[in-house]
Amino acid sequence: MNAKRAKLEKSYLFFLPGALALTIIVISLFVFLFVNALPAFYYAGKYVPEFLPAIYGTAVVTTVAVLLAIPLSIGLTIFIAELSPKAVRDVLINISDLMAAFPTVVYGLWGLTELGPFLKSTLFAFINRYLGFLPVFSGTPTGVSYLLASMVLAVMISPFASSLIREIYLQVPRSLDEGVYALGLGRWEVVRIRLGFIKRGIAGALALAFGRAVGETVAVAMTVGGVVAINKSLLSPGITIPAYIANLFGEAFSTVDVASFFMLSLILLGIGTAFLAAARLFILSEQREVRTYGKA
Amino acid sequence: MIEQGAKFFTAPPPTTDLGLGGIGTVLQGSLVLVATALAFAAPISVLAGAFIAFYPNSFTARLARQLAEVVVEFPTIVIGLSVFGLFIVDLHWGLSALTGAIALAVVMMPYMTIQISEALRVPRAMFEETLYALGMSRLRTMLFVMSAGRRGLLTGLLIGMAKGFGETAALLFTVTTSFNLFFTSFNRPVSAIPVLIYFYGLAPYENWREVAWGAAFVLTVLVLALFSLVRVLARGGMSR
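Line by line, the protein sequences are chains A and B.
Using numbering that gives the first Met the number 0, the letters of the first sequence correspond one by one to residues 0 to 295.
Using numbering that gives the first Met the number 0, the letters of the second sequence correspond one by one to residues 0 to 239.
FYI, nobody ran anything at the bench for these hints, they're computed from the structure.
We put the beta carbon where it would ideally sit given N, CA and C, even for glycine.
One should not assume that every hint holds.
Unchecked claim - Chain A is faced by these chain B residues, among others (derived, beta-carbon under 8 angstroms):
| id | residue |
| --- | --- |
| 1 | LEU46 |
| 2 | ALA49 |
| 3 | ILE51 |
| 4 | ALA67 |
| 5 | THR75 |
| 6 | SER81 |
| 7 | LEU97 |
| 8 | MET108 |
| 9 | LEU157 |
| 10 | ALA215 |
| 11 | VAL220 |
| 12 | ALA224 |
As the list claims (entries may be wrong) - Sample of chain A residues at the chain B side, in silico, Cβ under 8 angstroms:
| id | residue |
| --- | --- |
| 13 | SER83 |
| 14 | VAL105 |
| 15 | LEU275 |
What the hints assert, rightly or not - Below are the SDA-like pairs computed for lysine to any residue, each with C-alpha atoms no more than 25 angstroms apart in a straight line:
| id | chain 1 | residue 1 | chain 2 | residue 2 |
| --- | --- | --- | --- | --- |
| 16 | A | LYS119 | B | LEU85 |
| 17 | A | LYS85 | B | VAL231 |
| 18 | A | LYS85 | B | LEU228 |
| 19 | A | LYS119 | B | PHE198 |
| 20 | A | LYS85 | B | PHE226 |
| 21 | A | LYS231 | A | LEU133 |
| 22 | A | LYS85 | B | LEU232 |
| 23 | A | LYS119 | A | VAL227 |
| 24 | A | LYS85 | B | SER227 |
From just these sequences and the hints, can you work out the full model?
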């Protein structure tokens, strides 16, 4: 009874509009997306072949990026958590957080004008020459490609993934370490066992990174090449969903085919959100397990 | 790690086509956009964040929080697309500074809200009971907590600003791609730094790409400055 009256206090009413505004804005965003995508669902068949290269590209680029990010992020985590001297640690964490929040255009520009040409003449040429018989690495390497986009994306998501992993890593109880030492193993083994312990957490962090990477537009758009086709080689250019939207929306707009783009965005959203939700579940279950470790 | 290779840092005269102008138009455009977006987003974020911090168990707060978390991870291009569709197409506003600012605001809001709500949790826990025990009214308590946590609030706003300056995808459709205009009024199109970097960086003209690098340099300095400010504030921490 007191709670009811408290709700009508002016303090509540003072702040309430803010929260309401936020809620309404977000919900209307969703509604708007759906409503605009609806017309496209009728002609779904017509659009699928057009979108397929984009979907393929997104799948490929994001997957490879996450694969590349695994060693990067775990390495970074271990370096920060175990290897770096105390003085350096905070600086590293700050730099890493900074990198995670950096404007993505700059990453894209760097990837396009510096990393791309550099890799084209060194690493990519190398891969092409020796592993070129594999269809994955065939064709002459161009300045932009799936692989380049993946690498830039990997660099972009690693700091983020690393900070997530670091948090979970540091939560592993000391009793585990002591057990390992008691068995006569050394420092590296402790690290490895800890990592194995939080496997699910790492998977969750990576899935989270995947979800974010799926939506990354600019850096990928600049480095993937904008070629709307399915190319089997990683070294050739392609397109991903957000890059597709970015590049082609201008033309499509005039031909009133707009609804299809909304449908495409919904697909993108669906993929991203699915991964993010799964990731959160992973991480939550992991944290629960870590916390209850050792309590029989 | 990330080499800036700023080959040419140009001063703010307007951009030209084949020569080597500057980034004046986009700089001004970005400033205007971010300022306007902040004007929209800051009040909503602060209020919503405070609401979530102070009434965490209410239905509205939980709903708002969940929605904010979902939207934070949204691909920003989708947000730009939606704002474009809603305002530019359906309402026939046409490209204008206002739509760009709205798109930016929508992108900044969830992030700032969550930051602020987190930032307010600590001061609230620290002060709330004492203040109530002293007989302060509810509203006054909250205002006090907010002022005690103003560092955190400022941090949230600053980070939102930084994101606003660097946000590209949301602006791609709501901001013009002709970069020659200075800002006149809210109904005319305007452009922004990251969009310039995007388009000029992809262009085949060598000098355009150099301009893109110059712009990237400026953007980096800007963002770094904002983040350093944040860190200075964070170190100040909770006085007392």
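A quick look at each hint next to the structure:
Because the smallest distance between the Cβ of B:LEU46 and any Cβ of chain A comes to about 2 angstroms, under 8 angstroms, the interface hint for this residue holds. The interface hint given for B:ALA49 is met, as the beta carbon of that residue sits about 5 angstroms from the closest beta carbon of chain A, less than 8 angstroms. With a cut of 8 angstroms, the hint placing B:ILE51 at the interface with chain A holds, because the nearest CB-to-CB distance is about 7 angstroms. Annotation: interface hint on B:ALA67 holds; nearest CB of chain A at approximately 6 angstroms, less than 8 angstroms.
Given the 8 angstroms rule on beta carbons, the hint for B:THR75 holds: about 7 angstroms separates it from the nearest Cβ of chain A. The beta carbon of B:SER81 comes within 5 angstroms of a beta carbon in chain A, closer than 8 angstroms, and the hint placing it at the interface holds. Because the smallest distance between the Cβ of B:LEU97 and any Cβ of chain A comes to about 15 angstroms, over 8 angstroms, the interface hint for this residue is violated. Hint on B:MET108 holds. Least Cβ distance to chain A is approximately 6 angstroms, under the 8 angstroms limit.
For B:LEU157, the interface hint is violated, the least distance from its beta-carbon to any beta-carbon of chain A being 11 angstroms, above 8 angstroms. Because the smallest distance between the Cβ of B:ALA215 and any Cβ of chain A comes to about 5 angstroms, under 8 angstroms, the interface hint for this residue holds. Taking 8 angstroms as the C-beta cut-off, the interface hint given for B:VAL220 is violated, the closest approach to chain A being about 11 angstroms. Proximity of B:ALA224 to chain A is violated relative to the hint, the smallest CB-CB distance being about 12 angstroms (cut-off 8 angstroms).
This hint is violated: A:SER83 has a C-beta 15 angstroms from the nearest C-beta of chain B, more than the 8 angstroms allowed. Taken as an interface hint, A:VAL105 checks out: its beta carbon lies about 5 angstroms from the nearest beta carbon of chain B, inside 8 angstroms. For A:LEU275, the shortest C-beta to C-beta distance to chain B is roughly 6 angstroms, which falls under 8 angstroms, so the interface hint holds. Among the hinted pairs, A:LYS119 with B:LEU85 is inconsistent with the structure: their alpha-carbon atoms are about 42 angstroms apart, more than 25 angstroms.
Pair hint A:LYS85 plus B:VAL231 holds up; C-alpha atoms about 20 angstroms apart against a cutoff of 25 angstroms. For the suggested pair A:LYS85 and B:LEU228, the alpha carbons sit about 23 angstroms apart, so the restraint of at most 25 angstroms is met. About 22 angstroms separates the Cα atoms of A:LYS119 and B:PHE198, which keeps this hinted pair within 25 angstroms; it holds. Annotation: proposed proximity of A:LYS85 to B:PHE226 holds, straight-line Cα distance about 22 angstroms (limit 25 angstroms).
A distance of roughly 10 angstroms separates the Cα atoms of A:LYS231 and A:LEU133; the hinted pair therefore holds under the 25 angstroms criterion. For the proposed pair A:LYS85 and B:LEU232, the alpha carbon gap of about 22 angstroms is at most 25 angstroms, so the pair holds. A threshold of 25 angstroms between alpha carbons decides the hint, and for A:LYS119 with A:VAL227 the separation of about 21 angstroms falls inside it, so the pair holds. As the CA atoms of A:LYS85 and B:SER227 are separated by approximately 21 angstroms, the hinted pair is consistent with the 25 angstroms bound.
Going through the hint list in order, the structure does not satisfy hints 7, 9, 11, 12, 13, 16.
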